[in-house]
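Undergrad: Below are the chains, spelled out letter by letter.
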Amino acid sequence: MLWRLLRTHISASQLIGFSLANLVGLTIVILAVQFYRDVQPVFDDDESFIRKDYLVITRNVTSAGAMMGGTSEFSDQDIADIEAQPWCRAVGRFTSSEFAINATVGLADSGRALRSQFFFESIPDDFIDVTDAQWSFDPARPEVPVIVSRDYLSLYNFGFAATQGLPRISEGQVGMIPLMFTFSGNGRNEVVPGRIVGFSNRLNTVIVPDEFMRWANDRYGQGNVTRPLRLIIEVNSPGDVAIEDYMTQHRYDVAGDKMNSSKANYFLTVIVSVVIAVGIVISLLSFFVLMLSIYLLLQKNTRKLQDLLLLGYSPQQVARPYMLLVLAINAAVLVLAVVLMLLARLWYLPMLHAFGVAGASVMPAIAVGLVIMALITAGNLLAIRRKVAALWLQ
Amino acid sequence: MEKIELINTLPAVFAGRDPVPSDVWQCDLTIERGQHYLIVAESGTGKSSLCAYLYGYRVDYSGTMRFDGRDIRSLSVAEWCQVRQRHIAYLPQEMRLFPELTALENVQLKNRLTGHKSEREILDWFEALGIPEKVNSPVAKLSIGQQQRVAIIRTLCQPADFILLDEPVSHLDDTNNRIVADMVQAEAARQGAGIIATSVGNHLQLSQSIVKSL
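Protein chains in written order, with my numbering: chain A, 10 to 403; chain B, 280 to 493.
Careful: at least some of the hints might be erroneous.
[Stated by the list, open to error] In silico negatives: residues of chain A with every beta carbon more than 10 Å from chain B:
#1 A93
#2 R124
#3 S125
#4 G230
#5 V283
#6 L349
#7 L361
[Stated by the list, open to error] Pair ranges (Cβ atoms, derived):
#8 N481(B) <-> L294(A): 55 to 63 Å
#9 D350(B) <-> L391(A): 28 to 36 Å
#10 I489(B) <-> A387(A): 51 to 59 Å
#11 E400(B) <-> T17(A): 23 to 31 Å
Read the hints as simulated data drawn from the structure, not as lab findings. None of the values given here were measured: they were computed from a predicted structure. A virtual CB, placed ideally from N, CA and C, is assigned to each residue, including glycine.
Let's have the full structure, built from the sequences with the hints guiding it.
TA: As C-alpha cells, this is what we get:
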C-alpha cells in the first residue's frame, strides 16, 4: 500500500534514461579495464626470466660495411669499452653452438613432426632468472632446458599444430611441447630430449644453459674460438638517454621490440585511460540524472511523505521504497554491464588468441564495476535519506 | 505519558504583539492524562500551531513544552515516531487523508503500523458513523463530512495517552457529532487517555470537559 502511494510520479522515462546512460558508462569503464588487462600481455615485456634492466645488443652492419670487411662480432675492446660506461653494470657474451643441431617438434613416431635445423646460444647464468633446478644440465641424464623466442610458439600453434591436427598449446603448457634434439659433430650423432622453460620476445634465439653449452661444444665441436655476435648488458636504467646515444654512436642495435613495445604499451595505457575517463564521466552524469529524477520525485511526493511521517511512519520507512527502487535499478545496471562486457569479450578474445593471449581474469573488471556502482548507489541512498529527513519539519 | 506541560509558550509569529488574554499562551498549563480538554479559539489564534508543536512537526515557538518533564525539543526523530505511534493520536484539521486510497486503506495504513484494531472493529466504526458503504470508495470521491469521519476512525487506530483532535467535527451534524464524541470518549476511557479537542465553533460534544480558551 505504501508502494502504491509512493510510486505515483515515478517517471519511467527518466529512470530508463538514467539506466541506459549508466549502463553505457559502466560498460565502457569495465570493458576498457578488461580489454586493457586482456591485451596488456601482448605489449608487456615482462619476462620472468629476463629482467627489464637487461639489454641485448647486436652490431648494426650495413651491406656496404660488410663488403668493406666490416664485422658483426664484438671485439674484446668493444666489450671493455661498454663495461667502462657508467650505466653499465655487467656485460655477458652470447656463446654460439659449434655443431649441427636438428630439432624435432611433435610426435616423431606418429609421423606428425616438424623437423628443423637448429642453433643454440647461451649467456651467463647470472642473466637468467630461472631457478637452478630448471636451468641446469646433467650429462648423466641429459635433458636440455631451452628458452625460445615467442615466435616459435606461434609457429608451432598456427603453422604446425593447426595443420597437423595437434593440440594448440598456451604458454602455460610449454612443457607439453614434445621436443627432441639431435646433435651431430665429432663423429657423434646423439638424440637428447629438450624441455622449454620459457618464451622470450626480446631474445630472438634459442638460449640454453652455459653449463650445457660448454659440455656440448667440448663433445661435438671442433674447438674453434669465436667472438660473440651479441651481448647482453645489465644497465642501471634502460630508459637512460645516455645508453641510446652510445648505441647510436657505435651503431649498435638494441634487440627485440622492447623500445617499440613500450611505446605501444604507453599509448595503449593512454587510450584506455581516456576511454575509462569517458566512461566515468558518462556514469557520473547518469548519476546526476538519477539524483535529479529522485529529487523531482520526492518533491512531487512531498505532501504524501509528510502525511506518512505524521501517521508515525519513520523517515527510514518512507524512504525505503525509493531506496529499494534505486538498489534494484543499480543492481540491474551492474549485472547488464557485466553481461555486455562478457559478450564483448567473447567477440574480441578470439582475435587476441592470434597473439598468444589467453585472456586475463574478469574479476578485477567486475570488482571495478562493483566499486563504481557501490559508490553511485551510496550517493543515491544518502541523497534520498537526507531529502526525506529534511521533510520532517513542515 | 502522564502529562503535557506548557511553560510560557508562544508561537513565534505572535512574538512582539500585545499580550492577549489566553489560558494557553504565555502561561503555565498542565494537561493531564485521563482528563478531557476543550480548547476553544477564534480563527488565527494558534490552535493548529499548538497541535503541530505537540505533534513535533513544527518548532517555531518560544517557551518550553514538556512530556512528563522532558523538553520536547530534545526528542529524537525515532522518539517522535514512537510518540506518534503509541502516545498521541492526532487528527489534523486538514485530515491529511490519501485521496487515491480507499477509506479502508487509509485507515489500514495507520492500523498496520500500530496493529491496534481488528478489521472487524474498524468496519464497526464505519457502520456506527453511517458510512459502511464508503469503505471501499476512494477518499477523493467522499464528501468532506464523510472524509472527516474516516479521518477520525484512522486517528483512533492506535494506542494513545492523549487523543489530540483539531476541529474534529467542523463538518459534521449534531447526530454525528455526538456519535464521534461517544466513540472518542469510549476509546479514551478504555485506555485511560486524555482528550484534547480544539474548536472554533462546532464543539465536540464531550460529556464533561475542562474548557480553555486560546
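Undergrad: So, for every hint listed, does it hold in this structure?
TA: Checked hints:
At roughly 79 Å from the closest C-beta of chain B, the C-beta of A93(A) stays outside 10 Å, upholding its exclusion from the interface. Once the 10 Å rule is applied to beta carbons, R124(A) is consistent with being away from chain B; the minimum gap is 84 Å. The claim that S125(A) lies off the interface holds: its Cβ sits roughly 81 Å from the closest Cβ of chain B, which is beyond the 10 Å cut-off. The beta carbon of G230(A) is kept farther than 10 Å from every beta carbon of chain B, the shortest such distance being approximately 90 Å.
Distance check on V283(A): its Cβ is at least 46 Å (rounded) from any Cβ of chain B, clearing the 10 Å threshold; non-interface status holds. Interface exclusion of L349(A) from chain B stands, the closest Cβ pair being 39 Å apart, more than 10 Å. In this structure L361(A) is separated from chain B by more than 10 Å, as the shortest Cβ-Cβ distance comes to about 56 Å. In this structure, N481(B) and L294(A) meet the distance hint of 55 to 63 Å, their C-beta atoms being roughly 57 Å apart.
With their beta carbons about 30 Å apart, D350(B) and L391(A) fall inside the hinted range of 28 to 36 Å. Checked against the given bound of 51 to 59 Å, the beta carbons of I489(B) and A387(A), roughly 53 Å apart, stay inside it. Range check, E400(B) to T17(A): Cβ separation about 30 Å, and the 23 to 31 Å hint holds.
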